Amino acid sequence: MALCLPLLVCAPACRRDAGAPPPVAPRQPVRATLARVKGAVSVKRAAGDEWRAATEGTTLYDDDKLRTGSGGSAELRFPSGTVVAVSEDTLLGIAETQAAPGRPQADVTVLRGAVDATLDRPANQSLTVGTPAATVRAGREIVFQ
Amino acid sequence: MSRALAAALAFLATATATTPGETLVRPGESLAEVAARTLGSEGAAAELLAFNHLEGTPAAGTRLLLPGPERARAVAAIGSARSAVVQAPPGSARTEAESRLAEAESLLAHARYAEAAAEADGAWKLLADSREPRSRFAVAVEPDGRTRVRVHEGVPVRVEAQGHSRTVRAGETLAVIRGEPPGEPTIESGPGGRSEPPVLVSPEPGLKLALEPAPGGLGPVRFTWKPVPEAAGYVVELVGPRSQTLRTAQPGITVPGLPQGRYRWSVRAVQGDGELGPAATRMVQLVPGRIKLEVKEAPWQ
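Chains as they are written, first to last, in numbering that gives the first Met the number 0: chain A, 0 to 144; chain B, 0 to 300.
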């Protein structure tokens, strides 16, 4: 009986398909959902070392990474309504977000490639895009010079 | 007289008895062919079955009821919503509208026309109501590590690096070299850059137009703007008492009649690659009046 319990616990993970995105730890807030996935698009979980093919509806969590290959593209849809279109040959990470209650925020870090961001209600949304050289802040609570 | 000929004659005799709202399945005719003949699309076969509360392929001679104008209304509403979704920019409104449009198409396939029209209208209105100024910008990390920020439209963004901060406004581009503070934004309009918004000409900003009664309300109303170089066409959006999206190849368009009230009108150029450029927007108010205000054509026309 003592041997059966660990087997039962690991069973769901052991059954997953090789091409499916890896599982994530439960109870993490969903940071973004993938849409309009075209071509080579893959995801690496924060706790994993393996890149797995991503599909429409794949959910992303803190510190997950997304990679598009040549000709690949996808949209990141955040709960706030912010949409980030990811171009081909791009590598980005979902950054940990410390948003105030009721103030939807989305953070991504672009390490390579290009993204095109759309905030359709910028008065109520905010997005931070980090890169190796700069931090770009858009949306609410932006104080201009 | 052969038996087949007798059957055909009998069928013809029955067919002549159908009323405009019904049809008979002809010998050898598939349901898809009936749908194509009566509803204009083979894909409407399942809808025809649902409308008649039938299951399976009806036999030759079966009398089928045909939907009336309620179907035409639903199809038109779905067409408008589909067009609006195609032209809508990415965002939560488009995502929700896509979902409602799919629901409308499903309802149409089940011959639930009133619900399909309502759902499609909802999708269309969702996009019409969501046209508040949005923010769109691009961030690119180039192979040499340089970051390039380009604001396409909407409110400015702030770029921070090495403890310094710069504001980048619509139409501006800013490059940041790794390890250095951000430089000055530049206005980019060369190859690869998106076009500027069209320069609107008439009606002038905030103008109250007194117009005569016309079909559809008051009119005619002419909207004009300066041509955008290399534009393949223009998309004009009217948001007001009767919202609509129009397309034209010319830098101007005339609407025969609109209900009175305040309208926000915006124009986007269609780029060579089919992408829409940034929008220019104005408000105009249409009021009934005995004196018709003529809008002069601009000299460039």
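Just so you know, not all the hints are guaranteed correct.
Label-pair distances were calculated between CB atoms; the ranges are [stated by the list, open to error]: (1) A/ALA52 <-> B/SER40: 47 to 55 Å; (2) B/GLN270 <-> A/GLY47: 52 to 60 Å; (3) A/GLY56 <-> B/GLY271: 28 to 36 Å; (4) A/GLY47 <-> B/ALA101: 31 to 39 Å; (5) B/LEU206 <-> A/THR32: 41 to 49 Å; (6) B/ARG263 <-> A/SER86: 28 to 36 Å; (7) A/THR32 <-> B/MET282: 44 to 52 Å; (8) A/ASN123 <-> B/LEU53: 43 to 51 Å.
According to the in silico footprint, chain A covers these stretches of chain B (three or more CB under 8 Å from chain A) [stated by the list, open to error]: (9) 86-97; (10) 142-148; (11) 154-166; (12) 234-241.
No lab work stands behind these hints: they were computed from the structure. For clarity, every value in this text was computed on a predicted model and none was experimentally measured. Virtual Cβ for every residue (Gly too), placed ideally from N, Cα, C.
Q | Unsatisfied constraints (hint numbers, rising) | A | 1, 2, 7 and 12
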